[in-house]
Amino acid sequence: MSVETFEAFNLHQDLLAGIQAMGYKSPTPIQQQAIPEILANKDMIACAQTGTGKTAAYLLPLLDKISHASHDHTSTLILVPTRELAKQIDEQIEGFAYFVSAQSIAIYGGNKGDSWDAQKKAITSGADIIVATPGRFIAHMNMGYVKLDKLEYLILDEADKMLDMGFMDDIMRIVRHLPQKRQTLLFSATMPGKIRELARKILHNPTEISLAVSKPAEGIDQRSYVVYDKQKLPLLQHLIQELEVQSMIIFTSRKSAVNDIVKALRKMGHTAEGIMSDRTQEEREAAMQGFRNKQFKILVATDILSRGIDVDNISHIINFDVPHDAEDYVHRIGRTARAATTGTAITFINEKEQYRISRIEKLIEKELPKLPVPEAFGPAPEYKSGGAKPASGENRNRNRSKNSKSSSSNSSNSNPKTSGNNPSSSTERSSSSTERPKKPFRPRNNKPKPQDSTAVQPPATES
DNA sequence: AAAAAAG
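In case it helps, full-length UniProt numbering puts the first sequence at residues 1 to 463.
Wrong hints could be hidden among the right ones.
[As the list claims (entries may be wrong)] In silico lysine-lysine, BS3-like type, Cα no more than 25 Å apart, as pairs:
1) Lys230 to Lys384
2) Lys267 to Lys255
3) Lys263 to Lys230
4) Lys384 to Lys366
Rather than coming from a laboratory, the hints here were simulated on the basis of the structure.
Everything numeric in this text was worked out from a predicted model, so none of it was measured.
Can you build the whole structure from these sequences, using the hints too?
Below, the structure written as structure tokens:
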């Protein structure tokens, strides 16, 4: 069965207007599978990463239900691992719900100033949807004013990452405060035993969906260079000059390396910014906004950005080092070639990182091409396939599930923002996500353009 | 083995 249009799901017409304005044309495979099930109030455990249209797959049916309900209480809680993801999802909701009376709020820590009070206000006023990182949400819960007795929908996004970050106890603590009778959706890139266990605890008769977890999109050109550490920066400089870079993310596993790389890039004359957990939330958000708005080309990041973050026209991913988890490799390079475009992912491999490559290659089910380092950079290390293994412990065999069909050829139009670059992109975003705008929605960078002149126009943004 | 998230 293949559903060609969103109209076929019988969604609320105001929601369809938002979908259309966001530029979504036809549902992706995961949307085709998930939307009817979620509309039918089924619990769900879904194996899928962002980039497959996963977020919209749960947001659309939820918004449809919310649009038919009363808006005097919080009906939906979405838990995510990182602050940036919470903010991004909140903004996506505002886009879809542009013509629907549904309010959402992103709840996360780190902001100086009055974000706490604004969050408290939104919580007590009964925002329809809360998108939160677990820690800050629990902090609010501890204050006693969080009312969850009428909650209907719980969504755990990037659940494997959340467990990896030690959020199991926090999640269970939150779940204990929720009504037993609710719909729960669990999304995870991998299905280890811990996730199954969590699913057994909090889901009831879930529908299972599995979709191409471990395979990167077809549109990504993957390459690598085997180098000595000291060759990495010169090679990076060389590549930036050689390649036609629209936007680039340079990933590194170490926070300390973020600053070093940013400094080096600036010394080379490039404008670059860094993002990692040690920077203030204000700095993080400024970096994200500048990068989204193409104010600079190169963003250097830890794995804080490896999951779910969706920025238009990222032409290149550089793995300045080999990620520790093979899954993170797939997530990192998945920041490019989104929405059926193409992109290039280049990984730098030093001697000590070689052993991690075989596991990545096993996961992506193909060999990573190793390009020769240009002669000007001097002799490079030899690549030993299989690589030098560390003493022990690193050898644990992670059994990859065989159920990965070929990566969903992300239908060409799953990305809303390709439909129109909003010129007024200097809109204040950081404050808008923590405010409770009264009626009409505050426009955002990715807001859909109203196509219907009878539609409610948002007020002009202050600058 | 490193990173993220509550102050």
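Would you check the hint for lysine 263 and lysine 230, treating anything up to 25 Å between C-alpha atoms as holding? Distance ~15 Å between lysine 263 and lysine 230 Cα, so the pair holds.
Would you check the hint for lysine 230 and lysine 384, treating anything up to 25 Å between C-alpha atoms as holding? holds (19 Å)
Please verify whether lysine 267 and lysine 255 have alpha carbons no more than 25 Å apart. holds (19 Å)
For the pair we were handed, lysine 384 and lysine 366, check the Cα-Cα distance against 25 Å. Within the cut-off at roughly 16 Å; holds.
Hint compliance for this structure: every hint is met.
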